[in-house]
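Kindly produce the complete structure, drawing on both the sequences and the hints.
Under full-length UniProt numbering, the residues of the sequence shown are numbered 1 to 315, in order.
Calculated from the structure, these hints are not laboratory results.
Every value quoted in this text rests on a predicted model; they were computed, and no experiment measured them.
Virtual Cβ for every residue (Gly too), placed ideally from N, Cα, C.
Incorrect hints may have been included.
With a cut-off of at most 30 angstroms between alpha-carbon atoms, the simulated BS3-like pairs for lysine-lysine come out as follows [what the hints assert, rightly or not]:
| # | residue 1 | residue 2 |
| --- | --- | --- |
| 1 | Lys259 | Lys227 |
| 2 | Lys60 | Lys25 |
| 3 | Lys185 | Lys227 |
| 4 | Lys40 | Lys273 |
| 5 | Lys40 | Lys259 |
| 6 | Lys227 | Lys211 |
| 7 | Lys185 | Lys40 |
Pair by pair, the computed Cβ-Cβ distance ranges are [to be verified]:
| # | residue 1 | residue 2 | range |
| --- | --- | --- | --- |
| 8 | Pro38 | Gly122 | 24 to 30 angstroms |
| 9 | Glu300 | Gln277 | 19 to 25 angstroms |
| 10 | Lys211 | Tyr261 | 16 to 22 angstroms |
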Amino acid sequence: MAQNGFNSDINKHKNNLDVGTDKEKVLLEPFHYISQIPGKQIRTKLSKAFNYWLKIPDDKLLAIAEVTQMLHNASLLIDDIEDNSVLRRGIPVAHHIYGIPHTINTANYVYFIALDKVQQLGHQDATKVFTEQLLELHRGQGMDIYWRDAYTCPTEEEYKRMVLQKTGGLFGLAVRLMQLFSQNKSNLKPLLDSLGLYFQIRDDFANLYSKEYEANKSYCEDLTEGKFSFPIVHAVQQFPEDNTVMSILRQRPTDNDVKKYCVEHMKNLGSFKYTQQVLVELEQKLLVQISEQGGNPMLEAVIGELRGLYIDPDI
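What follows is the structure, given as structure tokens:
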């Protein structure tokens with residue numbers, strides 16, 4: 001199946017999500033609102049890339065990719081409420097349009113629509129995989145929120161364990177479901193763990209350092225949220241005698257001048273340079289892990305698409 005055709009099929013299924021009746025359309029409005037701008041479709045591309053190895057039938061691949069994308073978009077509805085976000089993909093967040101109660105209900109509703117679709121895959125272990133991965137996702141998200149609200153900076157290792165749960169939850173879901181229908185039972189978890197870390201740390205870097213991210217979200221949103229992202233963890237943990245970043249984080253700053261000062265201070269501390277080095281190391285580790293599985297030009301292309309953001313000589 002060609003990549004463009006595959007993405008088109010996913011969008012078609014996603015945008016026509018069992019609307020059925022006018023009542024159903026109302027129930028799903030916040031979901032369709034956030035789905036109108038599809039983002040980079042990285043998770044869909046990853047499903048297609050892993051099928052280079054797993055070689056499951058197209059109908060199963062399409063169904064699993066659809067479920068993963070549904071869960072991703074539904075989780076974004078909740079994330080934006082939990083994070084007090086303003087923009088998502090360059091448009092106002094859904095709960096600013098439809099209200100918090102409606103948006104929460106829609107997100108939860110889509111979780112269960114996705115579960116129903118997983119049951120329709122027709123494998124006795126599919127529901128177990130779904131449940132295990134969603135539990136992991138919520139455990140990771142819960143720790144992320146706790147650290148933020150308790151003003152408690154995790155260690156780098158604690159942060160990484162959280163990411164393996166939070167970001168790895170959906171990555172693992174797609175591949176584990178795919179392997180239920182594949183003859184290839186290779187242990188892909190180490191690769192998935194590296195991919196989850198790479199993806200989240202890159203996202204943390206982008207939030208504070210990327211012009212494109214600023215346009216689609218808002219300037220340094222993680223600072224306003226008070227989030228302990230990877231560069232912030234470095235700045236706080238490696239320089240405990242310097243309270244500048246922690247003090248700014250406690251203020252939940254909305255003033256761009258304050259946020260610009262914080263970013264410049266973190267740059268002087270070497271936090272962005274360190275984050276860049278970690279991303280380069282993870283990228284190299286991923287390429288080795290891919291090679292150990294026999295190579296995968298599609299997955300290598302996805303990584304190549306993502307790497308440009310942090311390869312900046314001026315960091």
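Status of each hint after checking the structure:
1. Lys259 x Lys227: holds (13 angstroms)
2. Lys60 x Lys25: Roughly 26 angstroms between the alpha carbons, so the hint for Lys60 and Lys25 holds.
3. Lys185 x Lys227: Cα-Cα ~37 angstroms, so violated.
4. Lys40 x Lys273: holds (25 angstroms)
5. Lys40 x Lys259: Holds, at about 27 angstroms.
6. Lys227 x Lys211: The given pair, whose Cα atoms are some 19 angstroms apart, holds under the 30 angstroms limit.
7. Lys185 x Lys40: holds (29 angstroms)
8. Pro38 x Gly122: 24 to 30 angstroms: Roughly 28 angstroms apart at Cβ, these two residues keep to the hinted range, so it holds.
9. Glu300 x Gln277: 19 to 25 angstroms: Cβ of Glu300 to Cβ of Gln277: about 21 angstroms, so the range 19 to 25 angstroms holds.
10. Lys211 x Tyr261: 16 to 22 angstroms: holds (18 angstroms)
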